[in-house]
Amino acid sequence: MQQILFFFLRNKNFLLFLLLFVISLGLTINSHSYHKNKFVTSANFLSGGVYSFKSGITDYFDLETQNEILTKENERLRAIVANMEMETFDTLSINTNYNFITAKVINNNYGHSKNYLTLNKGYNDSLKVDMGVISSQGVVGIVNAVSNNYASVQSILNTNSQVVAKFKKSDHFGYLEWNTNEANVVQLTEIPRLAPVAIGDTIVTYGKSTIFPEGILIGTVANFKREPDQDYYNIDVQLFTDMTSLKHVYVISHRDAKEIKQLEKEVEDAE
Amino acid sequence: MQNNTTLVNIVRFVTLVLVQVFILNHVNLAGYINPYLYPLFILVYPLTGNKSLLIFIAFILGLTIDMFGDSGGIHAAACVFIAWIRPVALKYSFGVSYQLNTLKISTAPFSQQLVYIFSMAMLHHLMLFSMEIFNANQIILILKSTLFTGIFSAVLMVCSVLLFSRKSS
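If you read the sequences in order, they're chains E and W.
Using this note's numbering, the letters of the first sequence correspond one by one to residues 783 to 1053.
Using this note's numbering, the letters of the second sequence correspond one by one to residues 22 to 190.
In isolation and in its complexed conformation, chain E is listed as follows (with noise of 0.2 angstroms):
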């Protein structure tokens, strides 16, 4: 007995070493593995409350090309609704599926391997996980983590991001990766060397699922290639959205999200 109290005692610093690097180890594999509960998020008090008296004082540092930014999204809004048919107008015909939140991004990365952001509004505002993050020009991320008032989103950015995808000029779909090459390009995966591909088609959201809604704007093709002996494409997609700056974002909530996740629940669990 004593000799197993003097053993602790003697190789404390190493027990909790490896105590405590354990821990650490279980929190990373964690992060590492997509949907699961993550308990050390930056959309908590703390960290949320810093970034925003952060962002509270940056915020007026690029005022003008912010305010650039949202002029342009305006210019391009004014200029749909004044080409639109006058009864669309009826707002009971419009689809009214897919709601969007304003919120502001008060802390961005996009120097890692595997980037998230942070909004300034959370639970409070109706924002819940797995909602579609996009900006003005196009596709930011997902929502991975809500607090009250903040929420993390997963960039596309990230390593573990896989985003569903299509040209805009056929229906060949495929996913969204990202090799940490480059900042603003990422990869579009598994398109079936039938699709027609040339430089500069424009990539869209796929919209078979809740998160976002058909037809998204992601970005262009800047570069393709096959291997002689592969059935797929390995393309490089430029984005709309300059990833390096962001500030004002939308939040896509879907109306039946839920009735619908249940839904599909359901099936598989009954398999």
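Rather than coming from a laboratory, the hints here were simulated on the basis of the structure.
The beta carbon of each residue, even a glycine, is placed where N, CA and C say it ideally should be.
Hints may be right or wrong, so weigh each one.
Residues from chain W shown here face chain E by an in silico Cβ test under 10 angstroms; the list is partial [what the hints assert, rightly or not]:
(1) 77
(2) 97
(3) 110
(4) 113
(5) 161
(6) 162
(7) 164
(8) 168
Using 25 angstroms as the maximum straight-line C-alpha spacing, the simulated BS3-like pairs for lysine-lysine come out as follows [to be verified]:
(9) W:165 with E:794
(10) E:1047 with E:910
(11) W:125 with E:910
(12) E:1029 with E:910
(13) E:990 with E:951
(14) W:112 with W:125
Mind docking chain W on chain E? Use the hints.
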């Protein structure tokens, strides 16, 4: 005196975390190089201080950085690792005499400081990037990131030690 050291450590902890989170995490030199200065806390922690306490504080330090960066537990793991390995690194760089109360990092010969800071920074970064990338197939990427970011961080740490050491001369 004891209280003074505690206070200095608390101020150092908060300052290093804030500098790391607000400034250094947004450097993105050459696209992906973000130097990490905060391990300096573990490096300059009193040499004769309680080792178990250091390992525990290192864990809290790493976890705080992880919380701000949404990175799971990678910084916590790296910090705990270098806090545990520190006595070995101290002995290797400064000789056994570090255990005597007389040695201070800023008064040791400059070459010894360099060896100590560079080895600790490299170990920290190696652990950090292995955890972040977490894929044995990308060992080249891990080593590349460790080397470039490590050199940058170590230079920054050396500069900080030079700047903030209280030398009477």
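**Per-residue hint verdict: residue 164 (chain W), partner chain E, C-beta under 10 angstroms** = violated (14 angstroms)
**Prompt:** Regarding the hint that residue 161 (chain W) lies at the interface with chain E, is the smallest CB-CB distance below 10 angstroms?
**Reply:** violated (13 angstroms)
**Request:** Would you settle whether the hint for residue 110 (chain W) is holds or violated, based on the nearest Cβ-Cβ distance to chain E being less than 10 angstroms?
**Result:** violated (14 angstroms)
**Asked** Does residue 910 (chain E) lie within 25 angstroms of residue 1047 (chain E) when you go C-alpha to C-alpha?
**Response** With a Cα-Cα distance of about 18 angstroms, the restraint between residue 1047 (chain E) and residue 910 (chain E) holds, given a limit of 25 angstroms.
**Message:** Can you confirm whether the C-alpha distance between residue 125 (chain W) and residue 910 (chain E) stays at or below 25 angstroms?
**Reply:** violated (52 angstroms)
**Message:** Checking hints one by one. Is residue 162 (chain W) an interface residue toward chain E, by the C-beta closer than 10 angstroms rule?
**Reply:** holds (8 angstroms)
**Item:** Agreement of residue 165 (chain W) and residue 794 (chain E) with the hint, judged by alpha carbon distance not exceeding 25 angstroms
**Value:** Distance of about 35 angstroms is beyond 25 angstroms: violated.
**Message:** Next pair to validate is residue 1029 (chain E) with residue 910 (chain E); report whether the Cα-Cα distance is within 25 angstroms.
**Reply:** holds (20 angstroms)
**Request:** Measure nothing beyond the straight line between the CA atoms of residue 112 (chain W) and residue 125 (chain W); if it is 25 angstroms or shorter, mark the hint as holding.
**Result:** holds (13 angstroms)
**Item:** Proposed interface contact between residue 113 (chain W) and chain E, which counts if any beta carbon pair is under 10 angstroms
**Value:** Since chain E brings no Cβ nearer than about 17 angstroms to residue 113 (chain W), farther than 10 angstroms, the hint is violated.
**Request:** Identify whether the interface hint at residue 168 (chain W) stands, where standing means a beta carbon of chain E within less than 10 angstroms of its own.
**Result:** violated (16 angstroms)
**Asked** Can residue 77 (chain W) be said to touch chain E, with a Cβ gap under 10 angstroms?
**Response** OK, holds: residue 77 (chain W) within 10 angstroms of chain E, min 7 angstroms.
Going down the numbered hints, you'll see the structure goes against 3, 4, 5, 7, 8, 9, 11, while the others check out.
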